[in-house]
Amino acid sequence: MNAPQVRHVITLALLLPALSVATASSQEDATSTFGDVIDVRVVNIEVVVTDRDGNRVYGLGPEDFRLRVDDREVPVEYFTEIQGGQAVTAQGSGGGDGLLPVYAAGETVGNSYLVFIDDYFAIGAQRNQVLKRLREQLPRLRPEDRMAVVAFDGKNLELLTSWTQSQRALERAFDEAQRRPASGIRRRVERAGGFGGFGGGGIQASRESRSQLERLTTAVVSTLRSFAQPPGRKVMLLLSGGWPTGTFTENGQPLVGAAQTDLTITRRITETANLVGYTLYPIDLPGLQARLDRAPSSPIGQILSAQFADNPLERLRVVTPDGSGALNDVIRLKVLDTLARETGGRAMLFADRLAALPQVVEDTSSYYWLGFTPDRQHDDVRHRIEVEVLRPGLTARARRGFRDLSRRSEVTMMAQSALLFGDPTALSSLSVEVGQVERKGWSKMAVPVRIGIPAEAITLLPQQRGYVAEIELRMAVKDSSGAQSEIPVVPLRLSAEHLPSPGELLYYDADLKLRRKPHDLVVSVHDVASGNVLTSMVVVEP
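Just so we're aligned: 445 in my numbering is position 445 of the sequence shown, and the numbers increase by one with no gaps anywhere.
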């Protein structure tokens, strides 16, 4: 067999939106999903129903709900009422594939709590105040509940504990979390030094603030994706250290071709959470920094209570009293509130942040579990979900939509997850070898990479002369500061004269152009015909 010897030149530009690609010739393991494409067959909707006084309403049946997707009514295929963590009624068409949690009456339903700690924007004292309370509140978890804890420092995601029901293991994880460095003061100094300012009806932020928020958003999305399939109800406690807010501009003008606001950037979080079935409970670590009148009739109260029914992710434009210093606080809180509302959760703001776990446990112990089978096209299109209670005087709180993720987007997310969580080589037989690095000028370097693809892992189809396989190649890099490149998707056609022997490798050569500093490199190969994904990670030294 003649193995393909193709050279491919890729320039990975960190922190720049443009990517130049030039082709030459021709307990439980929470991170086990790196090599799996998530197949969402059923969309689960957890619905909280309240009366006019805000009291929970129990005893409803599937006939009491109307479910619409993009204004079109769809049948409720699965229905379970949960009261106090136990299934009361169950109705549906099966769930034999194991993907839909349908429980028999009287069966206990556990919750899976995923804790994401933002060390990148958090100030240590503010973060530890909340972490200490969460540690003290661990006894509020029920025996059937489980929890995992992840922290992000702006460079890497660290798993402090995988899914566990051990209170001692969780206490150790929260103790370790409190000892971790926090970068929030540095972030605030950066903004004060010119990375952001007030004006134009909102907070104006530079490309750097936008990049930082995108980095944090990618970390949250990667965490949700990597912990996508625990049992029971899925809940994320999202500890936010105070993210950049407002409309992102450069020299007073919107960034060309970029997401323009904090809400549109963080929308990826709600889209992913809704797709894999997580309810978000953001916790505001800074707390309220300005003295505000939060009465419902006040400007601040009206902003915080706004529903944005027509477009819940529209730009938040506010006018606050002169000299109040309230704009940053209000927008920050409203962004967290929007993340919660879009997924059917609640934002833990003001004093609630110090009593978060008991409130979340209580809020997620009684609800209606509705399920339907979406008509998935895998086209990255967003779909709006509306849940209506047909009895008068009752209102529903539930997730508001999902994104029909394409296979291409899903595989790219897998590469991002591998890059942030660490080395996934144990999960793949993909061979990646880095050759002799060559210096290019003062700040760049050329890195030759040889990728060995196991022939048995891809689909080689017969053609008139030999065999051919269609694959997609992705290369993701992260430098020592945590900056990441855009991830190009390179379609390749591998050919062989004869069917390879078992264990034989098909080789592909690429040249990377990087900045002269250490990098983590994740290489992902997606076999289009079978859907198989091979991923490996290496370290590149200058």
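For the record, the hints were derived by calculation from the structure and aren't laboratory data.
Treat the hints with care, since some could be wrong.
Pairs of lysine-lysine, BS3-like flavour, derived with a Cα cap of 27 angstroms [unchecked claim]:
(1) K155 <-> K440
(2) K513 <-> K444
(3) K155 <-> K132
(4) K513 <-> K155
(5) K513 <-> K132
(6) K517 <-> K440
(7) K440 <-> K513
(8) K444 <-> K517
(9) K517 <-> K132
Label-pair distances were calculated between CB atoms; the ranges are [stated by the list, open to error]:
(10) E388 <-> Y507: 49 to 59 angstroms
(11) P392 <-> R186: 20 to 30 angstroms
(12) Q178 <-> G422: 45 to 55 angstroms
(13) G435 <-> Q167: 31 to 41 angstroms
(14) K132 <-> V189: 38 to 48 angstroms
(15) H378 <-> V74: 16 to 26 angstroms
(16) N156 <-> Q178: 12 to 22 angstroms
(17) E362 <-> G287: 19 to 29 angstroms
(18) R382 <-> V538: 30 to 40 angstroms
(19) E136 <-> E388: 33 to 43 angstroms
All of these numbers come straight from a predicted model, not from anything done at the bench.
Idealized CB from N, CA, C, for every residue including glycine.
Cross-check of the supplied hints:
1. Annotation: proposed proximity of K155 to K440 holds, straight-line Cα distance about 26 angstroms (limit 27 angstroms).
2. With a CA separation close to 7 angstroms, the supplied pair K513 and K444 stays within the 27 angstroms bound.
3. The straight-line distance between the Cα atoms of K155 and K132 is roughly 24 angstroms, inside the 27 angstroms bound, and the hint therefore holds.
4. Note on K513 and K155: the hinted pairing holds, with a Cα-Cα distance of about 21 angstroms set against a maximum of 27 angstroms.
5. Taking the CA atoms of K513 and K132, the gap is about 45 angstroms. The hint is violated against a cut of 27 angstroms.
6. At most 27 angstroms may separate the alpha-carbon atoms for a hinted pair to count; K517 and K440 meet this at roughly 12 angstroms.
7. Straight-line distance between C-alpha atoms of K440 and K513 comes to about 9 angstroms, which keeps the hinted pair within the 27 angstroms bound.
8. With a C-alpha separation of about 9 angstroms, the suggested pair K444 and K517 falls inside the 27 angstroms cut-off, and the hint holds.
9. Restraint check: the Cα-Cα separation between K517 and K132 comes to about 38 angstroms, which exceeds 27 angstroms; the hinted pair is violated.
10. The supplied range of 49 to 59 angstroms is met by E388 and Y507, whose beta-carbon atoms lie about 57 angstroms from each other.
11. Between P392 and R186, the C-beta spacing of about 54 angstroms breaks the proposed range 20 to 30 angstroms.
12. Remark: the range hint 45 to 55 angstroms for Q178 to G422 is contradicted by a beta-carbon distance near 22 angstroms.
13. Judged by the Cβ atoms, the range 31 to 41 angstroms given for G435 and Q167 is violated: they are separated by roughly 50 angstroms.
14. At about 26 angstroms, the beta-carbon gap between K132 and V189 misses the expected band of 38 to 48 angstroms.
15. Evaluation of the 16 to 26 angstroms hint for H378 and V74 yields a pass: the beta carbon distance comes to about 18 angstroms.
16. At roughly 18 angstroms, the beta-carbon separation of N156 and Q178 lies within the given 12 to 22 angstroms, and the hint holds.
17. Distance hint check for E362 and G287: the Cβ-Cβ separation is about 22 angstroms, which falls inside the suggested range of 19 to 29 angstroms.
18. Judged by the Cβ atoms, the range 30 to 40 angstroms given for R382 and V538 holds: they are separated by roughly 36 angstroms.
19. The supplied range of 33 to 43 angstroms is met by E136 and E388, whose beta-carbon atoms lie about 40 angstroms from each other.
In terms of the numbered hints stated before, the structure departs from hints 5, 9, 11, 12, 13 and 14, listed from lowest to highest.
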